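Quick mapping for you: the protein sequence lines, in order, are chains A and B. In this text, residue positions in the first sequence follow my numbering: the first is 1, and each later residue adds one. In this text, residue positions in the second sequence follow my numbering: the first is 1, and each later residue adds one.
These are computed hints drawn from the structure, not numbers from a lab. Hints should not be assumed to be uniformly reliable.
Claimed, not checked - According to the in silico footprint, chain A covers these stretches of chain B (three or more CB under 8 Å from chain A): (1) 358–371; (2) 389–403; (3) 448–462.
Keep in mind that this is a model prediction, so the values were computed, not measured. The C-beta atom is built at its ideal place from N, Cα and C for all residues, glycine as well.
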Amino acid sequence: MSAPTRPAPPSLRDLRSLTQARIALGAHGAGLPTSAALAFGLDHARAREAVWTPLDPGAIRKALTDQGLASVEIRSRAADRAEYLRRPDRGRALHPDCELVLEGAGTGFDLAILVADGLSATAVALNAVPMAAALAARAERAGWTLAPVVVATQARVALGDPVGARLRARAVVMLIGERPGLSASDSLGCYITFAPEPGLPDSRRNCLSNIRENGLAIAAAAGQIEDLLRAMFAQRISGVGLRRDALPDLRPAPPPDGDGPAGSP
Amino acid sequence: MAYATTLEGTRFTFPDLKSLLAKATPERSGDQLAGLAAEGPVERLAAQIALADLPLKTFLDQELIPSDEDEVSDLIARRHDRAAFAPVSSLTVGAFREWLLSPAADAGALAALAPGLTPEMVAAVSKLCRLQDLVAVAAKRPVVTRFRSTIGLPGRLSTRNQPNHPTDASEGILLSALDGLLMGSGDAVIGVNPATDSLPDYIRIVELLETLRLRLNVPTQHCCLGHVTVAIAAMARGAPVDVVFQSVAGSQKANAGFGIDLATLREAEQAGRALGRCPADGQFLYFETGQGSALSADAHWGVDQQTMEARAYAVAREYSPLLVNTVVGFIGPEYLYNGKQIIRAGLEDHFCGKLLGLPMGVDVCYTNHADADGEDMDALLTLLCAAGVNFVITVPGADDVMLNYQSLSHHDAVFARQTLGRPPAPEFEAWLREVGVVDGQGLLRGGAGELPGSFAEASRLLPGKAA
Numbered sequence: 001m002s003a004p005t006r007p008a009p010p011s012l013r014d015l016r017s018l019t020q021a022r023i024a025l026g027a028h029g030a031g032l033p034t035s036a037a038l039a040f041g042l043d044h045a046r047a048r049e050a051v052w053t054p055l056d057p058g059a060i061r062k063a064l065t066d067q068g069l070a071s072v073e074i075r076s077r078a079a080d081r082a083e084y085l086r087r088p089d090r091g092r093a094l095h096p097d098c099e100l101v102l103e104g105a106g107t108g109f110d111l112a113i114l115v116a117d118g119l120s121a122t123a124v125a126l127n128a129v130p131m132a133a134a135l136a137a138r139a140e141r142a143g144w145t146l147a148p149v150v151v152a153t154q155a156r157v158a159l160g161d162p163v164g165a166r167l168r169a170r171a172v173v174m175l176i177g178e179r180p181g182l183s184a185s186d187s188l189g190c191y192i193t194f195a196p197e198p199g200l201p202d203s204r205r206n207c208l209s210n211i212r213e214n215g216l217a218i219a220a221a222a223g224q225i226e227d228l229l230r231a232m233f234a235q236r237i238s239g240v241g242l243r244r245d246a247l248p249d250l251r252p253a254p255p256p257d258g259d260g261p262a263g264s265p
Numbered sequence: 001m002a003y004a005t006t007l008e009g010t011r012f013t014f015p016d017l018k019s020l021l022a023k024a025t026p027e028r029s030g031d032q033l034a035g036l037a038a039e040g041p042v043e044r045l046a047a048q049i050a051l052a053d054l055p056l057k058t059f060l061d062q063e064l065i066p067s068d069e070d071e072v073s074d075l076i077a078r079r080h081d082r083a084a085f086a087p088v089s090s091l092t093v094g095a096f097r098e099w100l101l102s103p104a105a106d107a108g109a110l111a112a113l114a115p116g117l118t119p120e121m122v123a124a125v126s127k128l129c130r131l132q133d134l135v136a137v138a139a140k141r142p143v144v145t146r147f148r149s150t151i152g153l154p155g156r157l158s159t160r161n162q163p164n165h166p167t168d169a170s171e172g173i174l175l176s177a178l179d180g181l182l183m184g185s186g187d188a189v190i191g192v193n194p195a196t197d198s199l200p201d202y203i204r205i206v207e208l209l210e211t212l213r214l215r216l217n218v219p220t221q222h223c224c225l226g227h228v229t230v231a232i233a234a235m236a237r238g239a240p241v242d243v244v245f246q247s248v249a250g251s252q253k254a255n256a257g258f259g260i261d262l263a264t265l266r267e268a269e270q271a272g273r274a275l276g277r278c279p280a281d282g283q284f285l286y287f288e289t290g291q292g293s294a295l296s297a298d299a300h301w302g303v304d305q306q307t308m309e310a311r312a313y314a315v316a317r318e319y320s321p322l323l324v325n326t327v328v329g330f331i332g333p334e335y336l337y338n339g340k341q342i343i344r345a346g347l348e349d350h351f352c353g354k355l356l357g358l359p360m361g362v363d364v365c366y367t368n369h370a371d372a373d374g375e376d377m378d379a380l381l382t383l384l385c386a387a388g389v390n391f392v393i394t395v396p397g398a399d400d401v402m403l404n405y406q407s408l409s410h411h412d413a414v415f416a417r418q419t420l421g422r423p424p425a426p427e428f429e430a431w432l433r434e435v436g437v438v439d440g441q442g443l444l445r446g447g448a449g450e451l452p453g454s455f456a457e458a459s460r461l462l463p464g465k466a467a
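Here chain B stands alone, though its shape is the one from the complex (with noise of 0.2 Å):
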């Protein structure tokens, strides 16, 4: 079925849904990669008109992508809680938006609204949103989840710990993780990218992880984010996985380049529950997404990359995760071009993933071939504290020496702290006063790298003169 708008005389008219969509998204890159954006920005605003005079139910009837030959697809469609739709069923895409907005709109009324919603739904009204409505709405709708650590209750900022090292060497990790420990940062997860994927590897490093979480007494959780088949592996061998990672996307073609399927991701949550690691109400699955992942795999099916983004956030609740992360600049200026196509990127992902339910956090980041820096990162920092976002990735001074790009600072988790008032999790800031990296005000004590007594235990096994 076709849309159509009339401005001033001139008809634009758009053949299909997705194309509608499309043409309706904030320019971004890849969208121009992929032939699908609006010529300009008078189709673009003919496209958003047309958008939100639609009957939010049309996403109901039509699918962008058909569910016979798309398991995402059909996953969405079995899911769908028409009941927890219906105080909206009748609104069209840009009453909603109004709706959102309005007081009505309060974290009781999101929260059950939910399961009445489809990825596709909160991609269409991100679209009719500005950067305030997006951080305004988000901000109503908190997600809390648990494991040692209470991650996402409101007026509070989690991190993950990111201590990768270009050859996975153990005393390199270390190094990191402990500098990101004294900086206050870790409450979210410490979480390695390995270099490798090979199962020694990933064995030897939740090893390492669970050593310090233990030295440390931390309420904390770790992760070796290797893939899902490799984690159940390490997982049937008895090693100490606390939380088991895999990135996810919105097709199932594109979910089979990360060679996964629902299938696969079912077998691991049942993996990671046996361990029991995990308090029996709590999360333990980590899951990563990325706008435009769907299209560098050639499995976007026209669609565009944001609605592909949103739908895989439909995979990501399947499974009740502890942590969603989206790597808004990881993907290069191919995708999204600029600091201000990554600063909006970074807002609707954490809104469509908070509107769907999913506990959002932001690696808020740039490559060295985008049109982005530090700056740019500063801004959707402090616009992502204000939207309530669960967590962010912090790395030694914002350079990851292993994936080459620059995520956030140990320090801007200081910065949030400090000047957004944004305490880490309850019982990591309980921790963290303990052991003396902060003061009895939550300021930080050092931040040169001096272990203070409490840390002896983890030192130990650092080398050099602490051996």
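Okay, chain A solo, but in the shape it has when bound (with noise of 0.2 Å):
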């Protein structure tokens, strides 16, 4: 081969809008920049915020009514962010004190929506309420009877487990926020189960990741769920059994609470 004639190599600081990496930083000794090392401080400081800052369920909920959606609130058994961190168990666990607020919410649903603050407050104050709305509209359309929307802090993914099985609801969808990164700390996820009841194993969950602005918009991801829910009244399952021939390239719920490469709430 003849030696190619080409520009000579370029910087690869000249290529980072090909990625998300902070490729090229520059280095003084073995220094960042100081530019780039207060912006990583910033993205950290961000995301533990998204960790650290209390949902206001209060301002969900009338966000919710001005969306036209009734809602009741709930808690787990997890008593605060520090109690959360520690103890996933009490996370996924119903707070006996909201056994009553789940009896006034009625039984007996096509489909019950959590709105929980997972890992990230800011991921659900962000995207939550457009997203509980969106798929509100849909189920509406497909004729689909819809529980309160239940407003649930201190949460993990299985507490839809008891929440759904109270409420008698065929399929739950769970609308968390989810572990931030340092590039993103506003991204939700949710998590779909057919049947819920306690105790079920995360392979019998579907999950959707990384909605939020720059991610699947709230659009895609209400179109995707529809499409979901369609297949789990048809085929009477969810998780690793659902067949998904006919549907978008979704995988399974990975495993939660932090032990799972996605790090999930």
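With the hints as a guide, bring the two chains together.
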């Protein structure tokens, strides 16, 4: 082969737009440039804030009301953020004080939607209400009955199981804040479970992740969730057992509670 | 059998060996989550005092997990070398700590002892060690492995260049891999965690890394960290698989959760050896572990997470790996709550792995829901360099954009070289000089991404202006 006469190799700096990775930062000795060090610090601060800021359930419920959606409010057995992070088991269990609240919400629904803080109140504050409203509109068009939206605090994904079971919902859709990364702290996750009951393995759920402004758009996510629900209602199963022939490529739920690579709540 | 200590008239009892070990373990959230931890510092010290008086050979007589129900226990029992154990067979756990710290325990003595030690013994003695002890003993025990580079030589620090990309895009992987090489990272391995686990993607990634390696003529090895069964399938199709990876844990049930058993690993070892890419006297397997993985799979048998982690090393050493890496801060705050717990766990894992004869590296890392930050990682890296860690993981700007956690930056390896005097593997060090990444003193020339002329062949793989 003759030696190619191509332009001189560029700097990786010119190709930074091709990846989110922090390449070609420059170095002073071993140190980062001051601006890169501070940018990293700011991203970490935002991620920590997303984890530790409490969700304001009143504000979420008011926004739901503005969308014409009824709601109730519950909490898990984890008393506060510190306990939530240390005790995932308590985040999966319904607080006994909330059983009456759920009794008042009625029983026998096609669909129950939960809006839960998970590991990012930021994600929920930004994305959960429009996501719930888009789903509710699709449920109405499909003729599915919808339980009052359940706003849950100190909640893990599996809290949807006892809640869905008490509401006697055919399927439960859990909208929950994902563990924040450095580049995005506002990602909402969606876990869908057919025939919810306490103690289900995570392999019984289907999952969409990265729902946010620069990720999976809300309208697109709503369409995918409706497709999944239709398949679940037809096949009477969810999770790894759900045939997805006619569906877009969707992953079964990764292991929750930060022990899977996705580090989901 | 129960164990007891009396402190100033108060009697503390521990009903069995695993509760004694769990309660003697320095505080961590995973043992608290499992309901195994000491109730407070005084009970913990009482357990440590009782543990210090325990004869080391107790661990040969009493199994924490029965070997007729667990193939990892069976492996530990079968492989124990009583002759190698003889020099310390009469010691208590407390006296064993003192012996390890003494000049008698030099590199040769520690290497000879390794087959005589079980994971439970090294876990037990680590519980009586402060951080300085963990550093001092590990620093006396180099473990050297070799593929195209020689990893773990005393006074050196290797790095895994981890060019992950959220969708496994080839150009994204290449850009990050080149960024790392320009910062002098990648002599342990250039290793990608794939976002998907499909065979075609696995093959595409190893072929991409092989092309990069050949164009740069870089003396290192590459790896796609897909599931070992995918690696076996890729090898069967003739893919250029350098390093074969798998996550492993300390019980049969936990390994089943990873979709493997000892036979699967043996099959992978045989397939990789048959490829003949690695020198006959070299190594090519790469295992990852981490405290808490057994508990998260509900497969810990009531044993504390640090002892379960050490048992994973018995699995690893069965196959003479090139690299073993504890992903210490990845699992989350329900297992290791904060920087203090992550730092101690990283040093414990390195200590236990080295005593058992493993080429230990550490992923110095944290997640955003743990109470930890980059300063904790600075402390852990510096301590690990003092302890003689074989390798650490580095990514661009400390931000892994695929796994959404923070590891070390390539910059941190430069810090270890310049401030702590830890050059990379000798073959890679020579290559860095040859291609002009570093100058004659080993100091970085660029760092802002400028590709030297020697990278021309590789940079033609890039899109845009280079094409």
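Evaluated hints:
{"no.": "1", "hint": "358–371", "in the structure": "holds (count 3)"}
{"no.": "2", "hint": "389–403", "in the structure": "holds (count 7)"}
{"no.": "3", "hint": "448–462", "in the structure": "holds (count 10)"}
Comparing the model with each numbered hint stated earlier shows that all of them hold.
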